[in-house]
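For chain A, the structure is supplied; the task is to place chain B on it using the hints.
Protein chains: 2
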Amino acid sequence: MLQYWIQYPKLHKQLKAVTQILSDHMVVSNPDVQEALLSLTKSGGKMLRPAMFLLFTQFGDKTKQDQDRLNNIAASLEILHMATLIHDDVIDDSPLRRGQVTIQSQYGKDVAVYTGDFLFTQFFDLIIDNVDDREYLNINAQTMERILLGELNQMYKRFDQAETVEEYLENITGKTAELFWLAAMEGAHFGGTRDDVTKLAGSIGKNIGMAFQVLDDILDYVSDTETLKKPVLEDLTQGIYTLPLLLAKAQAPEAFAPILGKRQHITDDDAKTIAQLVDQYDGVTKAKAYANSYTDAALDAIAQLPDIKAKKVLQGVTKELLERSY
Amino acid sequence: MLQYWIQYPKLHKQLKAVTQILSDHMVVSNPDVQEALLSLTKSGGKMLRPAMFLLFTQFGDKTKQDQDRLNNIAASLEILHMATLIHDDVIDDSPLRRGQVTIQSQYGKDVAVYTGDFLFTQFFDLIIDNVDDREYLNINAQTMERILLGELNQMYKRFDQAETVEEYLENITGKTAELFWLAAMEGAHFGGTRDDVTKLAGSIGKNIGMAFQVLDDILDYVSDTETLKKPVLEDLTQGIYTLPLLLAKAQAPEAFAPILGKRQHITDDDAKTIAQLVDQYDGVTKAKAYANSYTDAALDAIAQLPDIKAKKVLQGVTKELLERSY
Numbered sequence: 574m575l576q577y578w579i580q581y582p583k584l585h586k587q588l589k590a591v592t593q594i595l596s597d598h599m600v601v602s603n604p605d606v607q608e609a610l611l612s613l614t615k616s617g618g619k620m621l622r623p624a625m626f627l628l629f630t631q632f633g634d635k636t637k638q639d640q641d642r643l644n645n646i647a648a649s650l651e652i653l654h655m656a657t658l659i660h661d662d663v664i665d666d667s668p669l670r671r672g673q674v675t676i677q678s679q680y681g682k683d684v685a686v687y688t689g690d691f692l693f694t695q696f697f698d699l700i701i702d703n704v705d706d707r708e709y710l711n712i713n714a715q716t717m718e719r720i721l722l723g724e725l726n727q728m729y730k731r732f733d734q735a736e737t738v739e740e741y742l743e744n745i746t747g748k749t750a751e752l753f754w755l756a757a758m759e760g761a762h763f764g765g766t767r768d769d770v771t772k773l774a775g776s777i778g779k780n781i782g783m784a785f786q787v788l789d790d791i792l793d794y795v796s797d798t799e800t801l802k803k804p805v806l807e808d809l810t811q812g813i814y815t816l817p818l819l820l821a822k823a824q825a826p827e828a829f830a831p832i833l834g835k836r837q838h839i840t841d842d843d844a845k846t847i848a849q850l851v852d853q854y855d856g857v858t859k860a861k862a863y864a865n866s867y868t869d870a871a872l873d874a875i876a877q878l879p880d881i882k883a884k885k886v887l888q889g890v891t892k893e894l895l896e897r898s899y
Numbered sequence: 574m575l576q577y578w579i580q581y582p583k584l585h586k587q588l589k590a591v592t593q594i595l596s597d598h599m600v601v602s603n604p605d606v607q608e609a610l611l612s613l614t615k616s617g618g619k620m621l622r623p624a625m626f627l628l629f630t631q632f633g634d635k636t637k638q639d640q641d642r643l644n645n646i647a648a649s650l651e652i653l654h655m656a657t658l659i660h661d662d663v664i665d666d667s668p669l670r671r672g673q674v675t676i677q678s679q680y681g682k683d684v685a686v687y688t689g690d691f692l693f694t695q696f697f698d699l700i701i702d703n704v705d706d707r708e709y710l711n712i713n714a715q716t717m718e719r720i721l722l723g724e725l726n727q728m729y730k731r732f733d734q735a736e737t738v739e740e741y742l743e744n745i746t747g748k749t750a751e752l753f754w755l756a757a758m759e760g761a762h763f764g765g766t767r768d769d770v771t772k773l774a775g776s777i778g779k780n781i782g783m784a785f786q787v788l789d790d791i792l793d794y795v796s797d798t799e800t801l802k803k804p805v806l807e808d809l810t811q812g813i814y815t816l817p818l819l820l821a822k823a824q825a826p827e828a829f830a831p832i833l834g835k836r837q838h839i840t841d842d843d844a845k846t847i848a849q850l851v852d853q854y855d856g857v858t859k860a861k862a863y864a865n866s867y868t869d870a871a872l873d874a875i876a877q878l879p880d881i882k883a884k885k886v887l888q889g890v891t892k893e894l895l896e897r898s899y
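Chains A and B, in that order, are what the protein sequence lines are. Residues are numbered in my numbering as their position in the first sequence, beginning at 1, plus a constant of 573. Residues are numbered in my numbering as their position in the second sequence, beginning at 1, plus a constant of 573.
Read the hints as simulated data drawn from the structure, not as lab findings. Incorrect hints may have been included.
If several chains are the same, the list does not tell them apart, and a pair holds so long as it fits within one copy or across any two.
Derived pair list, reagent style DSBU-like, types lysine-lysine, alpha-carbon separation capped at 30 angstroms [as the list claims (entries may be wrong)]:
| hint | residue 1 | residue 2 |
| --- | --- | --- |
| 1 | 884 | 845 |
| 2 | 586 | 730 |
| 3 | 682 | 730 |
| 4 | 586 | 882 |
| 5 | 635 | 682 |
| 6 | 682 | 637 |
| 7 | 589 | 861 |
| 8 | 882 | 730 |
| 9 | 730 | 615 |
| 10 | 730 | 835 |
| 11 | 835 | 861 |
Next comes chain A alone, as it looks inside the complex (with noise of 0.2 angstroms):
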């Protein structure tokens, strides 16, 4: 999937770096987990979170730069996102991720959960060797705690119909934009920015996160698996209610409570009637609204980055990104 960045392509080479310290992180000597690993890199997603780092690395003095040091720190954001997705995977008895079929439907839950936390140990030496100083190792172990933090709320939340918009905001707060602005951040600071642009890189971490994960839930209300790869109304039957159903849900919650309250034993006709209800009832366009205003909000705070020919490329990123055609 590298060749999504093949039109920026000092990124995409300092990906196609990055991409060789994840393989060189990846070798076990048990087999099973070492197929699961390689399947891994192998349906790789777009490097996002490595990418963001590498951008804002660019706002850095380059004459100070170690970019071998700055690499693996971007792997090691991509190892932890992994690593959760795997997890992920295991809670949610996920058949497909990507279009691809999980490690855990493939190989079975022990090679998930165990491959999940070797990740996780890869993830820690990356960060120990690469990261100096105290501050930002706890900043690492910080997020690495509330990105867990978000998945168990979400586990808690299931099935829950008086979850709020809120609650799903924090919650998708801690499972995906902690890793955005910790990416974009860092990236900023092991660049060597001055302070103030690490903290506006943070912000457009965090903002970028938002509108992603939103954008994501609104994607499983609209598409189907032919053009997305991924199960339509999935999170839906696994008792995740996300920001479109709760939205028109709380338009009128007494046409969702008989549905929704059939739990897991919801049908694939049950579920079709949720997606027109939430059609009906304005769930995709008011999602939508939310989703714009964090990649505004994101946008803004980009255009307050120094002018340099990085600031364009996070420009054009951006906006492809959270400005999806559906």
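The following block gives chain B in isolation, referenced to the frame of chain A:
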């Protein structure tokens, strides 16, 4: 289970402080995970790893020690131990651990996976906050990795009748002895002992860990649920072939092959037959000889420690722990 240490008042008091640190690090807003964490601390084991750590700190210079920091590092060892135990139980689908219902069987694998992950973050936190040199941060990361690789190899060797004694010993080195090595070695180091004592401590810890695991595996073949609170032959039915079986099987592989060939479809009667065969071919006696040689190596190394009170305690604890009656 802290009463195990009641005859050593100083250690007992320190371990109480460590227990408090554990409780402080086990606070999450998710009520299921919180309940799971509380049940873990309540059913807690003997805290062998923190105890080992604290005993070795006493070989250092007390006037230079920061007891809070030492207690925190001691707690990190128990947290890492608990995290790996919980994920092992998910893998094994174990109904019981230490005679208690496991997290995964009581709360489901979702809670178990995240509870283990949460404990990894707490381990990470404690280490970063209390270990100030990079060398020891690295040692911690590497130990976490080696424990996991030991587990992975054990998983990979399941139902493998060609598994060798050497492979078994390598796996238990990773899954058990490495953490005892870390506990003893770090206790000596952070207690402020000389480098040669730190090295000796590591060797003592490792040998105690090896003896401890071999004895634990022997118990699977000699006790029953009444006396040991552990399902007898649990490992066997999961395809984990431990030392008594491996040593007996080496005498007459053809006697074992047909039954073990049934893999997970082994019956209770089959398991009993295996137990009889292990007895007939002196598996337990031979395994005991291994345990004894590790215990002797530990005691020999302890004898070389400086003559302070903690040395006598260490001798007593080692003998009590490793010279079980059966």
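Hints versus structure:
Proximity of residue 884 to residue 845 under the C-alpha cut-off of 30 angstroms is found in neither arrangement, the shortest distances being 42 angstroms within a copy and 71 angstroms between copies. Taking CA atoms no more than 30 angstroms apart as the test, residue 586 paired with residue 730 passes in neither setting, with 41 angstroms inside one copy and 40 angstroms between copies. With identical chains, the CA atoms of residue 682 and residue 730 are at most 30 angstroms apart both within one copy (23 angstroms) and between copies (17 angstroms). In this assembly of identical chains, residue 586 and residue 882 lie within 30 angstroms of each other by CA distance solely inside one copy; the values are 16 angstroms within and 61 angstroms between copies.
For a Cα distance limit of 30 angstroms, the shortest separation of residue 635 from residue 682 qualifies neither inside one copy, at 44 angstroms, nor across copies, at 47 angstroms. Neither within a single protomer nor between protomers do residue 682 and residue 637 lie at most 30 angstroms apart by alpha-carbon distance, with minima of 45 angstroms and 47 angstroms respectively. In this assembly of identical chains, the alpha carbons of residue 589 and residue 861 never lie at most 30 angstroms apart, being 33 angstroms within a copy and 53 angstroms across copies at closest. In this assembly of identical chains, the alpha carbons of residue 882 and residue 730 never lie at most 30 angstroms apart, being 43 angstroms within a copy and 53 angstroms across copies at closest.
Proximity of residue 730 to residue 615 under the C-alpha cut-off of 30 angstroms is restricted to the inter-copy arrangement: shortest distance 27 angstroms between copies versus 33 angstroms within a copy. Within a single copy, residue 730 and residue 835 get their C-alpha atoms as close as 15 angstroms, which meets the 30 angstroms cut-off; across copies the closest is 43 angstroms, which misses it. For the homomeric pair residue 835 and residue 861, the shortest alpha-carbon distance inside one copy (28 angstroms) is at most 30 angstroms, but the shortest distance between copies (56 angstroms) is not.
Of the hints listed earlier, those the structure fails to meet are numbers 1, 2, 5, 6, 7, 8, in rising order.
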